[in-house]
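A.B. asks: Dock chain L against chain V, hints included.
Protein chains: 2
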Amino acid sequence: MPDAAKQRAHASRGGGRAGHAKRRAAADTVRSPAIITRKIPTYELLGEEALNRIEAHADWILKEVGIEFRGDEEALTLFRRAGAEVTGERVRCEPGLAASLCATAPASFRMEARDPANAIVLGGDHVVLMPSYGPPFVSDLDGGRRYATLEDFRNIVKLTYMSPFLNHSGGTVCEPVDVPVNKRHLDMVYAHLRYSTKPFMGAVTAPERAEDSIEMARIVFGAGYMQKNCVIQGNINVNSPLVYDDVMTGALKAYARANQSCVISPFILGGAMGPVTQPALLAQSHAEAMAGIALSQLVRKGSPMVYGNFLTTMNLKTGAPTFGTPEANLSTFAIGQLCRRLGLPLRCGGQLCASKVADGQAMQEAANSMLTGVLAGSNFIFHSAGWLEGGLTLGYEKFVMDIDHCGMMLKMMCGLEIDDNSLAADAFLENQPGDNFFGTAHTLRNFETANYMSNLADTSSFEQWSEAGSLTMEQRANERWKTMLSAYEAPPIDAGVDEALLDFIARRKQSMPDRWY
Amino acid sequence: MPDAAKQRAHASRGGGRAGHAKRRAAADTVRSPAIITRKIPTYELLGEEALNRIEAHADWILKEVGIEFRGDEEALTLFRRAGAEVTGERVRCEPGLAASLCATAPASFRMEARDPANAIVLGGDHVVLMPSYGPPFVSDLDGGRRYATLEDFRNIVKLTYMSPFLNHSGGTVCEPVDVPVNKRHLDMVYAHLRYSTKPFMGAVTAPERAEDSIEMARIVFGAGYMQKNCVIQGNINVNSPLVYDDVMTGALKAYARANQSCVISPFILGGAMGPVTQPALLAQSHAEAMAGIALSQLVRKGSPMVYGNFLTTMNLKTGAPTFGTPEANLSTFAIGQLCRRLGLPLRCGGQLCASKVADGQAMQEAANSMLTGVLAGSNFIFHSAGWLEGGLTLGYEKFVMDIDHCGMMLKMMCGLEIDDNSLAADAFLENQPGDNFFGTAHTLRNFETANYMSNLADTSSFEQWSEAGSLTMEQRANERWKTMLSAYEAPPIDAGVDEALLDFIARRKQSMPDRWY
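Residue numbers (our numbering), protein chains in the order written: chain V, 154 to 670; chain L, 154 to 670.
The shape of chain V in the complex, shown without the other chains (with noise of 0.2 Å):
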C-alpha cells in the first residue's frame, strides 16, 4: 500500500498542465481558496425562548415516543449501555441524554483530499459547497431527460473538479443506472478519486459497500493516515420519521469505526414524514439528527459527525414536495439556530427545486433555498449545484447556472470591509458634484476587485442580445457545460495507485454476480 503523504503530494505536485486547463477554464472567474471562511453573521431567527421550548419539545419525543433502531442489535445495546431505555427496537431517552452523548462529535474538523491543497474544514465559520446528490436522471437542452450513466457522473464530477466554487465532490452526484446496482459504488468512488482531488463521499447503500469505500479510500491515502484523518464520508439519510433502518446504521457504523465522517440528514417533507407545521418539524428533525449523532458518538467517540436536515413543504393538495418554500426558508433559519446550540456542523440549504427545467421557477426556489441556507450558518451545503425536479434530475444548464450563484454567495460571505480604502475618501475629494466615477484613481485601483464577476448573466443591451440570438440564461449555459468538460484534463495520479484501485475494482465485481435491483 502506498505512502499517503507521498502520494498526496504527487498529485499536488503534477500541476502542469491538469493546472493549466483548470486556469482556462476558470479564467473568467475568480478561484476560490478550499477553506472558505464565512465572515458574515448569521441570521438568528428565533429568540431564546422558542430554541428552549423546540430543544424541549425534541427531548419530549425521544422520551415519549422515541426512535426505532430496525434490525441492528449493536445499535440497541449500545443505546441500552449508554443509559437508554431500550423497549423492542424502540429508544428512549431521558431529557438531555441525546445532546450529552452528541457533545464527544468534533465542533469542527478538516477532512483531507488527494490534493492536500483541496483539503477543507467542516464546522465553525467554514463552508463546503457540494454538487447535487442521488438523483437517478440527467439532462440537458440537446438530449432532454435520461437515465443517468457512468459518463454522466464523470462528467458532473469534472465538472465539479473544475469549479472553483465547489470544494466537495460530492457523493452520488447521479446514479449511474448502466452499473449494477451492487457494483455501481466502486465506479462512482474511483471516479472521485481519479478524476477529481477534492474530498469525496462514499457509499451507504450497504454495510460491505460503505467498507468498500473505505478500502479504496486506504489504497490512496493509507490505513494509518486514515486512523487519524477523516477523507471519506458517508450520507446516512434517516428513514423519518423516527427510524433508522439497518442499511443506514450499517453504514453509520462502519464510517464511525474507520474514525469517518457521516451525515447525518432526516428527511421530512412536512405533511408526510412529519407534522405540517414547521415548528413540529424542527423538533422532529432536532430529535433525529441527535440519536443519529448519538449513535456514532456511542461507536467510536470523537468520530467526525455533520448535523444534517432535509426539511421542506409539500404541496399540500397534490403531496408534491415543495422547494425555497416560504415555510421552508424559516425552518432552515431555525435548524441553523438548534445546530449552533449543540456545537457541530451544519448541513442545509442547497439550489433546491421543484422545476423540470432550469427556467425561472428554478432559479427562483434555488436562489431562496440558497440564500436563506448560507444567511442560516450552513457549513455544508448539500445540492448546490443541477438540483431539478426535486432531485429526480441532475440537469447540466442548471449546473452551470448553479455555480455561478455559488460564486455570487461565496463573495457575499466575504462580508464588507469597511477600511481607508473602501471608504474611498480620495474618490470623493478628486471629483466635484455630479461628476461621475468611472475615471477616479479609486476605480481604476480597485474596479478589477470589486465586484463578482458572473459568467452567464446576460447584461447587455437589449439590441445586443438580441443579436446574439435572444438567448435565455439556460441556453447560454448550454454552451458554457460543454466548454468547460472539452477544457477538462485529468490530475495526475500515481500510476501504482491507479492500478491497485482498478485491482481492487476488477476483484470485488468479480466476486460477486451483477444485481439490478
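A portion of the hints provided could be inaccurate.
Identical copies look the same in the list; a pair holds intra-copy or inter-copy alike.
[What the hints assert, rightly or not] Within a straight-line C-alpha distance of at most 20 Å, the following computed DMTMM-like cross-link-like pairs (lysine to aspartate or glutamate) qualify: (1) 336 - 667; (2) 470 - 601; (3) 470 - 616; (4) 381 - 364; (5) 192 - 202; (6) 336 - 304; (7) 470 - 226; (8) 216 - 247; (9) 192 - 278; (10) 336 - 364; (11) 311 - 632.
Just so you know, the hints here were simulated from the structure itself, not pulled from any lab data.
Just so we're clear, the structure is a prediction, and the values are computed from it rather than from any experiment.
C.D. replies: Here is chain L on its own, set in the frame of chain V:
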C-alpha cells in the same frame, strides 16, 4: 369639492361585483391585509463600530464635499438659515446637522387610500409592496418588447389592484409614451384613482405636474382632509453623485408643503454615480438621503418622508448595471441598519434583474434582491413586480411571477409561531415511528393554512408536466396575467368625483400644447 370621508366610504361600500371579481381571481391565494406587519427580525450585517464609521464618513462627505442644490434659491436659503454653509449652490453641513434636521420626520405614518380598507402604514415593522416604477417598454410572450402605452399602464394598475400581495398601486408603473410628456401625469394619476383603490404616487417630472397630481387627490379626498392625512406620494430620485436639481427639489417641496409624502432615493451604480466600493456608496447614499429629507423638514416640519436608496453594481468591464449581486445584497443589508439608526421608514429591495426575459437569470437575480430587501427590514419595496432589463422594461409574465414571490415573502414575514398546535404533540402520539402523517388529526386540522400555495410553481410529475406541454414558468405566467385581466372589474367611484377628475384633466390638457420631450 365632495366630502372626502363620504367618498371613501362610498368606494369601500360598493364592493358587490368588484369584490366578487377580486375574490374569484384571487381564489387560489390568501388575501393579505393592506397593513402588513413583519414578524421576523432584521438581518444585522454590520456591527456598531462599522456603522459608526460609515455614519461619520457620510458626515465627512456632507462637510468636506457638500451637496449641490442646483437652480433652487429657496432650498439654499432654507439650508443657510438652518446653519449650513452655503457657497454658490453647494451646501455643506457640520457633522450631525443633517441627521438632526431629519429628526422631525415621522418614524412611521399612515397613508390613506380611496378604499379605507386599503390604507397602509409606512415605517416600523410594516411592509408595503408596489410594482415597478418607470419602464418605458413593456413586453409579453405574445407581442414581444415594445413601447409602453396608456393601455399598458392601466393594465398594470388593474393587475396590481387585483393582487392580494401588492398593497400600493405604484406611480409610473410604466411610461405611457403614447401620451404627450407634459400631459401623461394626468392620465396616470387618473388611472390610479379610477381603476384602483390602493395608495399611489403622483408626478415628479416638474413641480407643476406634482401640483396637478396633488390637486387631483384633493378632488377625491378633500383639501382639508389632506392637510392632516397623507394620500399621495412623490418619488424623488437624487441626481447622484451629490446633486439635487430643481425639478426634483421642486416636486419634493410641492409634496412636503402639502404635507404629503416623498421617497428620497439616491440612485447610485457603484463606479458611475459613486465609488466602486460598497462602504463608500453606503456613506454617499446616506448623506444624499439625509440631505433630501432635511430639505423636506425645512419646508414643512413633520412632513412624512421615506429614506430611500437605489444602490447597485455595474459590470465593470462594460458599465452595464447589474442586480441581485453579492455586493448589492450586502449594501441592502447595511443601508437598512443605517436607516434604522436614523429612525425613518426604509425603502429598498425589489425584484430587480438585468435579464430581458423572465428566465432563470431574471428570477435568480430578483429573488436575491427581494429576499435581501425583506431581511434588511424594508418598509417599502419598489419594483416588487414586473421589472426586467434594468428597469427599461415591464414584463407581463415577470409581473405575475413576481407577485407570486411577493406572496411567499409575505408568508415568510409571518415567521414561526411556536405554540401547542404548531408543536403537534398529538400528531406524534397518534403515530408510531415510520407512520406517515397524511391522515393525522393534526394534519387535517392544519393543512389548508400551513403552507403558501403558489399558483405558478409547477410541482407535478415529469410525466404530468410533459403531457401539459412542458411549459416553463414564463409560459404558464402568460396565461395567468390574461386570466387575471379578464376577471378585472373596476371599483365603483362617485359619479360626481369622476366627472370632476375628468373635467380637471380636460382643462389642464387644453391649457397647454402637447410636448413630446
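A.B. asks: Taking the hints in turn, state whether each one holds.
C.D. replies: Results for each hint:
| no. | hint | result |
| --- | --- | --- |
| 1 | 336 - 667 | within (7 Å within a copy, 79 Å between copies) |
| 2 | 470 - 601 | between (50 Å within a copy, 9 Å between copies) |
| 3 | 470 - 616 | between (44 Å within a copy, 18 Å between copies) |
| 4 | 381 - 364 | within (17 Å within a copy, 77 Å between copies) |
| 5 | 192 - 202 | between (27 Å within a copy, 16 Å between copies) |
| 6 | 336 - 304 | within (15 Å within a copy, 64 Å between copies) |
| 7 | 470 - 226 | neither (40 Å within a copy, 64 Å between copies) |
| 8 | 216 - 247 | within (6 Å within a copy, 64 Å between copies) |
| 9 | 192 - 278 | within (7 Å within a copy, 27 Å between copies) |
| 10 | 336 - 364 | within (13 Å within a copy, 78 Å between copies) |
| 11 | 311 - 632 | within (16 Å within a copy, 40 Å between copies) |
Hint 7 alone, counting from the list given before, is not met by this structure.
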